[in-house]
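Q: Listed below are the residues making up each chain.
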Amino acid sequence: MAIKLIGFPQSPNTLRVVLTLNELGLPFELEPVTDIKTIKTEDFLANKHPFGKVPVLCDDDFVIHESRAICRYLISKYQKDANIVLIPDDLNKASIVEQYISYEISYYDPPLSKILYQEVFNKRNGRPVDEAVVKQGLEEIEKVLDIYEKVLEGKDYLSGEYSFADHLHTVRAQGIYAATAYSDIFEKRPNVKRWITNLRNRDACKKTYA
Amino acid sequence: MAIKLIGFAQTLHTRRVILTLNELGLSYELEAITEVQTTKTEEFLANKHPFGKIPVLCDGDFIINESRAICRYLVSKYQEDAKTVLIPNDINKASLVEQYISYELSYFDPPLTKILIQEVFNKRRGEATDQAVVKQACEEIEKVLDVYEKILVRKDYLNGEYSLADLFHIP
Chain G
170 MAIKLIGFPQ SPNTLRVVLT LNELGLPFEL EPVTDIKTIK TEDFLANKHP FGKVPVLCDD
230 DFVIHESRAI CRYLISKYQK DANIVLIPDD LNKASIVEQY ISYEISYYDP PLSKILYQEV
290 FNKRNGRPVD EAVVKQGLEE IEKVLDIYEK VLEGKDYLSG EYSFADHLHT VRAQGIYAAT
350 AYSDIFEKRP NVKRWITNLR NRDACKKTYA
Chain V
14 MAIKLIGFAQ TLHTRRVILT LNELGLSYEL EAITEVQTTK TEEFLANKHP FGKIPVLCDG
74 DFIINESRAI CRYLVSKYQE DAKTVLIPND INKASLVEQY ISYELSYFDP PLTKILIQEV
134 FNKRRGEATD QAVVKQACEE IEKVLDVYEK ILVRKDYLNG EYSLADLFHI P
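In order, the protein sequence lines correspond to chains G and V. To convert, take the position in the first sequence, counting from 1, and add 169; that gives our numbering. To convert, take the position in the second sequence, counting from 1, and add 13; that gives our numbering.
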């Protein structure tokens with residue numbers, strides 16, 4: 170087993186996979202992409218990702234892309250040896266984890282993505298921040314986190330125990346804390362705050378963002 | 014096993030689950046939602062879906078929401094009896110199916126949803142169609158389908174054999 174991850178080291182999609190690799194205690198080589206043209210060549214499109222995107226993971230001869238699919242692959246293959254349960258074996262429990270994975274993609278990621286695009290990506294590229302987009306993103310995420318506050322009542326994690334669903338929420342949260350002035354959206358809700366604090370205090374998270 | 018699906022058959026999300034139920038040859042009862050307010054009651058938010066969304070599936074006492082999660086649950090539980098393979102058992106094959114499921118979410122669905130909101134949803138509600146949005150989305154989906162054209166060379170299905178990834182593209 171020789172794992173190579175091709176990606177932009179700072180991008181949330183790459184960090185998502187790095188976080189999973191660290192959670193599973195897997196050694197890997199990160200091949201950073203420094204020039205976007207590298208991922209648009211004929212060879213890359215034919216053999217790595219037909220949409221010219223990263224991250225791409227190579228596990229010996231097996232090549233897979235799309236960050237959440239990569240994470241699922243790593244979990245299916247390595248969670249048992251890592252003595253960690255990110256996706257339970259029990260069918261009903263696993264399905265509830267899938268439900269919360271869907272919440273992350275449908276409700277949590279879109280508004281945070283909008284905010285972070287303005288506050289991080291635009292700023293980094295010397296482009297102006299569209300405050301109206303940030304404001305709308307904040308209004309959306311506040312409503313979403315009101316619901317998460319209820320979902321997390323009496324629970325440390327979304328489906329009770331730490332799972333892949335919670336894990337997937339970490340990267341965007343880290344982005345908000347590290348690069349924006351909006352961490353209050355998590356801090357002012359006690360259940361959400363407890364949950365996010367647990368996620369950010371995990372060894373794998375500290376290692377990923379060291 | 015008594016499966017009840019709470020949803021609105023005209024919506025893509027409910028149809029996605031109905032497709033999967035039919036693919037697996039499962040009998041079920043459809044509890045049609047005709048009024049949005051039904052999904053916003055305290056009871057619905059507490060017991061069915063905290064975001065007040067449909068579809069929601071009840072299989073005996075087990076309740077699950079979010080259409081793609083529901084489909085995965087049905088496949089995991091019933092595909093063996095149905096003698097159909099929507100998610101392969103082999104880890105590498107299953108992971109490639111996941112890769113193509115991600116394509117549907119990331120690249121295929123967003124532009125088509127934009128077009129359908131304008132052309133179907135807005136028209137149905139007597140609202141104006143924003144042609145600029147439709148035009149931009151058509152340009153996006155054309156580029157996506159150019160890539161799909163290459164992926165599907167000498168293949169009938171995204172991962173070679175029919176899978177849940179292909180099914181997700183149907184609605």
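Note that these hints are calculated values from the structure, not bench results. Please read these numbers as outputs of a predicted model, since none were measured by experiment. The reader is advised that the hints may include incorrect statements.
Now the in silico label distances, taken between C-beta atoms and shown as ranges [as the list claims (entries may be wrong)]:
(1) G:258 / V:141: 19 to 29 Å
(2) G:297 / V:23: 20 to 30 Å
(3) V:141 / G:170: 48 to 58 Å
(4) G:230 / V:166: 30 to 40 Å
(5) G:198 / V:73: 45 to 55 Å
Ideal Cβ placement from N, Cα and C applies to all residues, glycine included.
Q: Next, verify each hint and record whether it holds.
A: Hints and how they fare:
1. G:258 / V:141: 19 to 29 Å: violated, 51 Å
2. G:297 / V:23: 20 to 30 Å: Violated, since residue 297 of chain G and residue 23 of chain V (Cβ atoms, about 41 Å apart) do not stay within the stated range.
3. V:141 / G:170: 48 to 58 Å: Roughly 56 Å apart at Cβ, these two residues keep to the hinted range, so it holds.
4. G:230 / V:166: 30 to 40 Å: violated, 21 Å
5. G:198 / V:73: 45 to 55 Å: holds, 47 Å
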